[in-house]
Amino acid sequence: MGLKQEDILLNNNSNASEIPVDKQKLAAPIKSAVDKFQLVPEFLKVRGLVKQHLDSFNYFVNIGIKKIVRANDRIVADLDPSIYLRFKDVRIGDPSMTVDGIVEKINPHTCRLSDMTYSAPILVNIEYIHGSHGQKSRLEKNNLVIGRMPIMLRSCCCVLYGKDEAELARLGECPLDPGGYFVIKGTEKVILIQEQLSKNRIIIDADKKGNINASVTSSSEATKSKTIVQMEKEKIYLLLNQFAKKIPIMVVMKAMGMESDQEVVQMVGRDPRYSALLLPSIEECAGLSIYTREQALAYLDTKTTKSLYAGPSSVEEGKAFSILRDVFLANVPVHCNNFRPKCLYVAVMLRRMMEAILNKDAMDDKDYVGNKRLELSGQLISLLFEDLFKTTIAEVKKNINLILSKASRSSVLDPSSILLGKDIISMGLERTLSTGNFDIKRFRMHRKGMTQILARLSFIGTLGFMTKVSPQFEKSRKVSGPRALQPSQWGMLCPCDTPEGEACGLVKNLALMTHVTTDEDEGPLISLCYCLGVEDLELLSGEELHSSNSFLVMLNGLILGKHRRPQHFAIAMRKLRRAGKVGEFVSVFVNEKQRCVYIASDGGRVCRPLVIADKGISRIKEHHMKQLLDGVRTFNDFLSDGLLEYLDVNEENNALIALYEGEATPETTHIEIEPFTILGVIAGLIPYPHHNQSPRNTYQCAMGKQAMGNIAYNQLCRMDTLLYLLVYPQRPLLTTRTIELVGYDKLGAGQNATVAVISYSGYDIEDAIVMNKASLDRGFGRCIVMKKTANVIQKYRSASDRLLKPERTGPGSERMQKLDDDGIAAPGEIIRPNDVLLNKAVPIYTSGSSVSSESLRDSAYKSAKQVYKGPEGESCVVDRVALSTDRNGNPSIRFLIRHTRRPELGDKFSSRHGQKGVCGIIIQQEDFPFSERGICPDLIMNPHGFPSRMTVGKMIELLGGKAGVSCGRFHYGSAFGEPSGHADKVETISETLIKHGFCYNGKDIIYSGITGCPLQAYIFMGPIYYQKLKHMVLDKMHARGNGPRVMLTRQPTEGRARKGGLRVGEMERDCLIAYGASMLIFERLMISSDPFEVQVCRKCGLLGYYSQKLKTGICSSCKNGNNVSTMKLPYACKLLIQELQSMNIVPRLKLAEA
Amino acid sequence: MAEQGEGRGEETKFSVWDLPDVPMGQLPPHLELQRTRVFCNKDAPIHTESIQYSGAYSSIGVDNSVQLDNFCKNFRVEVIRLNEDDIEFDMIGIDAAIANSFRRILLAEVPTMAIEKVLFANNTSVVQDEVLAHRLGLVPISVDPRLFDYMSENDQPNEKNAIVFKLHVKCERGSPRITVKSDELKWLPNGSELVKESTANSDSSSKPETYTYFSSSQESVPEFVKNPIAPKYPDIILAKLGPGQEIELEAHAVKGIGKTHAKWSPVATAWYRMLPEVILLEDVEDELAEELKSKCPVNVFDIEDIGKGKKRATVARPRSCTLCRECIRGDDWEKRVALRRVKNHFIFTIESTGALPPEVLFTEAVKILEGKCERVITELS
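Note that the protein sequences, when read in sequence, are chains B and X. Just so we're aligned, residue 1 is where the first sequence starts under the UniProt record's numbering, counting upward by one. Just so we're aligned, residue 1 is where the second sequence starts under the UniProt record's numbering, counting upward by one.
Take the hints with a grain of salt, since some may be wrong.
To be verified - The calculated lysine-lysine pairs, modelled on DSSO-like cross-linking and capped at a C-alpha distance of 27 Å, are:
#, chain 1, residue 1, chain 2, residue 2
1, B, LYS1003, X, LYS293
2, X, LYS181, B, LYS746
3, B, LYS995, X, LYS311
4, B, LYS995, X, LYS42
Said to hold, decoys possible - Take a look, some chain X residues computed to stay more than 12 Å from chain B by CB distance:
#, residue
5, SER15
6, TRP17
7, LYS160
Just so you know, these hints were derived from the structure itself, not from any lab. C-beta: ideal position from N, C-alpha, C; glycine also.
Given the sequences, and given the hints that come with them, work out the whole structure.
Encoded structure:
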C-alpha cells in the first residue's frame, strides 16, 4: 500500500512539472463529494447497536467494581481495631456454575434452556487477621468467591466475546443477536436505558409558583444530594433535605466563612443590578443578627433535621458543619475544611439565578438533551452492587463485633469465612434483575420496572428493546413539554420511534449512530486545563471571578478556574482531543451567554460521530474512503487521524454542521456522515420515510415490533413461552441501508406481496384487504406459533410425583394415544385439545416423614394428568420435549407445542408504512383480476387507504419493487437518500419501468377475473413488503352458550380464558331500558345469568328455606310455613341479602301480588 | 360520424330531415369501433365491456345477437408458439366471457394429481412435518390424471385413485449437508410399504395391512410402462439435511382440482390478453417519427422512407405492445397515436405445470365447459 501511495505521489509530481498550471488554484482545497456511507457500517462494527450497553457494563466490570471495592476495602472491628479484613483486588471470573462443588463453565444458551442465571463469580483477594486464642496472624487468601454477577451477553466477561460466526453457532448462539442483555433464571432481561437530568450541573428553572430555582443534584462517590437555591419574595434561600426549613443564603455563606457581605457581593458581581437583588437577603441575615461564622453555624444547628446518617464526627464538629461539608453541594470537594470552592460555587449559582431573573432567556430547558444523562446498565448495576457490597460489609462487621463482644469465645475468629457465608450479593443482584425493582435505600432509589423481559417477537423488536430509553417522569403526567420533539434530539434520538398513547414522546429510542459515553478520569483533564492557561480558582479573588474579559472553566460541573481566551482554550482542547491526547468523548463547549467553557467527561452523555471540516472542506477525502474499503483503515483510524470526532449535544452548539459536503460554507465546522442516521433502527426499516406523513412512520415503528418473521438463527433451538415464526420469510425487495446494516435482510419479518390497489368485492372497506386463495395455498402469510408448557415432577418429603405408563386400552385410553411408554407425549405427534401430554400422578399425602412402602402404593396417588388445552378444532404438533431440572433440582418436563396456521379471515397484516388492515375476504384466484402479463395480485388494497394517510412512501415502494423485480436488482429507499444515492429516485425507477414495458406510473391495464373484460381504469399494481402481525383471530375469537359459572355468585365467568360470557353492561342495560325492552332485560340479567328460587316469608319479609320433608317452604324466623311464598331472584341478590344479614342489617322483602 | 361532426360544426340552419339516413343493417363506424375495440386512452381504458344484448342496436336495425353459423365461420384458433410446457395461441372471434371461462376452468377445474397425504415415519430435519408436507404437495407430478379416479371421503386408497411415493434420505454423520430434491421421491407402484401398527402383529400369516389397498401394481398399466410416474422436475428443493438428520416418509397423491387447493391447478398460470391495435391517426414524419420510434420500449414502430429524405413512422409490430402508454405520453401525442385492443381477439397463454401438455389442457378445459353446458341443458329440459 505504501508503495502504491508513493507511486501516486511521484506521478503527481511529474504531471505538475510538465504542465504549467495556476498555482493558486492548485493550492485551493478541492471540494468533492465523498461517499461517506461506508463509515456507518464501520461505526456499527466498532461501536455496534448495543455498544452503549456493552461499554457501560465493561466499564463497570473492569473499572467500576474495582473503584467501589477500593473505596470500601476495609472491615475493621469496632472493639479491636487491629482485627481487620482488607480487600486487595476484585475481578469477575469466567461464567460458570458450581454443581456439587464442581465448577462447570456455562454458556448463555444452556442457561436459557435450563432456566439458569448466566453469571460469573466475583473473585476477591483478601488480607485479614486470623485470630484464635489471643494469637493474631495476618493471612492472605486469593480468589475467594463473594458472590455471582450476572453477565451481560457479549460483554468482555461473556464467553461470546470476540467469537466469530462459526464459534457462536457452535455455542448455540445467533451471530446477529446483538447481546447487551442478561439471562436471569432462563429469561432474557434487559435493563432499559434510563433518562435523567444531568448530575452535578446548575440548572435554573422556575417552580409552579414562579419562583426561580437554581438546583444541583450532586452525586459523588460518597453521597448523593439535591441542593436548591430559591428566590422567594425577593429573598434568596437554600433548600436542603437536611435542614427542616428554608435557610437564608447569606447565613449559609457566613457559616462557610464568608463573613463579609462585601465579599459575597463581589463574588456575585459588582453590577449594581446584582447587588440590588442580593440586598434583601443581606438585610434578612442582618435582621437575624447573624454576623459571624459561629453565629451562623449555631443558627443552622437549630434548623437541622434528625439525620439518620449522623456519623461520629458530627458530634464534635457540629451537625450543621458536617452537613455543609458533606451534603450541601456534595459534588464540590472540601479539602481540609476549606470552604472557598463551595462559596464560589454558590456565588456562581446565585449569579446564574439573577441572570435568569433579569433575563428570562437564561433559564435552562429541562427537556434539552444536553441537560440529560442516560443511565445505562453498567451504572445501574454498579449502584446495586455498591449497595449490596456495603450491606455485606456491614453484616460481616456486625458478625465480627458480635463474636468479639462475647465474653468467652472458643471458636476461631475467621473474618473470611464470615464473608463467604453471606450470599447477599448474588441473591440481591438476581432478585433485582429478575423483578426490575431497584430498591436502594442508601441512595434513596426506589424504581420499578427497570428491567424488562426481552420480547422475542421479531428480530427487530428485540433490537428495539436495546435502544429504548425510558423516561424519568411518570407516564401519567399530562404535560406536553417533555413529550415534544426537541431540536436537540437531532441525530441522537430517533424522531419517529415513540409509542402512542400515554408514553408518547417520553419513551424514546436511540438513533443509529448514537453513542452513550462512560465516565472518564478527570485528573489528567484538570492538570491539562491548568497547563493550557486556566487560572486556578484558589488564586482568584471574588472580584476577578466574573471580570468581563474572562470565561469560567467548568469541568463536569466543577469550577476549575477562569481563562482569558476561551476560544483559544477550546480550540487547543479540541486539537488535543483530535490528536488522541485526551479521551475521544471529552466535550468542550463554549457558552458565550453564560461566559463559561464547559468541559465534560462524565458518563451518560449522548454523542455521535461527525466529519470534521476545515473552512467547509471535509477532511475525509476519496483516498481515505478507498483505504477503508480496502480494509487498511478502520473507523478508529479516522478518529485518531482527526478526520472524525464525537460531538455531544452541548458541543454541537459550537459547531455548524452541514448536511452534505456540497452545502458546506466556509463557516462550516462539521459535516454529517449520512443523513439517514438520524433515524433509529426500527424507523430505518421504512422505505422512503421522508415521503410519508410523519405519524405513519411512528405507527410503523410500533407495528414493526409485532411483525412475525425470523427471530434469530437459533430460533428452532430455543424454548420461549411464545414464539411466532413465518414459514417463508423474505427480505424486502425495496431495502434501505439500515436494513442491511442491522441484518433485517437476513432475518426478515414479512413477504413481498404483489398488491393491486383497487376496490374489490366490498369486503375491503375500513382498510380490510382481499387475499388470493391460491397465494395462501402456496404459502403466503403462513406462520408457526410455538407455545411452551412446563410441568415439574415435585419432590415431597415422603414421596414424589411420578409418571405412569399410559393405558393403551379401556376408558380414557384414546386421550393417551400420543404418550410414549414413559408417560410423556412423543415429539412429532399430532395433538388435539384435551389430549394428555403427561400422565402424572401426585401423592395424596405429602406431609409424611419419610419414604415408606405405604406411600409407594398406587392407592396413595391421585391422577394429575396434564391435558393440552388449545384452540378447539385445530390440530397442533408436539414439537419438542425437553427434560431438565428446575432451580430446586426437581425434574421438569417442558413441551413445545407447534401450530402452523395459514392466514384466515380477520388476521392482521400491515405494510411498512403504518397501514394495517385485517384480511376481509379470501377469494379464489380465478376471480382475481390479472394483468396482460398474467400476473395476478396476492392481495388487494382499497385505494381509500391513500388520500387521508398520505403514505407516498408506500407508492414509491410499489414502484421501486416493481422496477426491482423487472430488472433484477434490489432497489433502495433509505431516508433522505436521494441526493447521496442511497434511495432510488422516482424518475430513474420510472425509466426502469418503461424499459421493461411498464407504464412509468406503475399503472397497468387489468382484466377482470369475473367478466373477462378489461377494467375501466389502469390499476396501480406491484410488490409491497407486507408484514403479518401477531394478532390473529384464532387467539381472540370467543363465543359461548352455556358455560362455566363463578362459584360465589353463580353468574357466568368473565374473560376468554375462562370461557366467559359476554356481559350486558350498564350502558347496554340503559339502552334496553330506554327502548322499553323489559322482558329482554329480565331474560339477560336473570334468566340467562343466575336465577334462583327463594322462599320468602310474607309476614317477616325474610328468606326461608324449602323443607324437603314437609314439601313446603318454611320461614326460619317465624318457625312456620304459613306465609311463605316462592319467588325467583338473581342469586347475587340472595347473596347480598344474606351478607347484609351477617352484618346485622335486616333487609326485608315486601311482596305484592303481580 | 364525420358527416355529423361537420354538420354540427358549421352551425348553419338545416333541417334534421336533410341529414343522410343512417345506413340500416350496418353500424355507423364510431359505434362499430366502440363495439369491437377497447380504447386505451391516456387516463383510462374505455368501452371495455362487450355488448351482449341482442337488441342493443335494434333502433338502427342492427341485430347484435349471436349467430352460431357466423361464429362457426369466423371463429379461428391460431397457435403461435407451442413447446413442452407453454402454448400461446390466438383465439379469434369469441366473446370475452367464453375466453374467460376457459381461463377460469384451466386455473381451477382441470384435475391433476398432487400429494395430499404424507405419512411420516421419521423426520429429524429442521423442516417441520407440516411444512414439508405442504412443500411436497406443491411438487408437480408428471402423470396423466385422466387415468385416475377421484378419491371420495370414504374411499380406500387403491391403484385407481392414489399414487404412492417414498422418500427416504439420510445424511450420514460426518458427511456434509445435503439438499433433498424432488428426484428423491420414489414411486411405489405396488402401494404403501408402511405397515399399519394396529394390525402388524395380530395376524402374521396374511399380508400385513398397509395404508393402501392396491389390488394390482400400477406398473402393469401400459401408460406407465414407458414413462414411470415421477415429479415433473427433479431439482425442486424439498429440504436440507444436516449430518445425522433423516427424513423417511410416504406421500400419497390423489386427484383433485385447483378450486380446492392451488396445488391441483394444472397451470402455473393461464391468461389471455386482447390483441393490441396501434393506429397512427395522422402521418407522423421526420423528427416526430424518430421520437415515436425511440419512445416505444418494445419497438412497435418502424420508420419507412417516403422519398425526398422524408421519413414516416409505421406500426410494424403492434402485437408486442405492452400498453406502457409511452407513445401517447406527452402533449398532443394522443391525437397522433391511438392504442386499442381488439375485443374478440384473444392471445391466450397457458403455462402448464407439467402434468399434461398445454394443448391437452386446453382441450380438457373445453370438455369441462362442454360438460357444464350439457348439465345446464339437461337441467333445463
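Would you check the hint for B/LYS995 and X/LYS42, treating anything up to 27 Å between C-alpha atoms as holding?
With a Cα-Cα distance of about 18 Å, the restraint between B/LYS995 and X/LYS42 holds, given a limit of 27 Å.
Going straight from one Cα to the other, do B/LYS995 and X/LYS311 come out at no more than 27 Å?
25 Å, holds
Quickly compare the C-alpha distance for X/LYS181 and B/LYS746 to 27 Å and report which way the hint goes.
24 Å, holds
In terms of Cβ atoms, is chain B entirely out of 12 Å range of X/LYS160?
Holds: least Cβ distance 26 Å, greater than 12 Å.
Measure nothing beyond the straight line between the CA atoms of B/LYS1003 and X/LYS293; if it is 27 Å or shorter, mark the hint as holding.
22 Å, holds
Any Cβ of chain B at or closer than 12 Å to X/TRP17, or is the non-interface label fine?
With a cut-off of 12 Å, X/TRP17 remains clear of chain B, as the shortest Cβ separation is near 37 Å.
Would X/SER15 pass as off the interface with chain B, using Cβ distances and a cut of 12 Å?
Check passes; 38 Å lies beyond 12 Å.
In terms of the numbered hints stated before, the structure departs from none.
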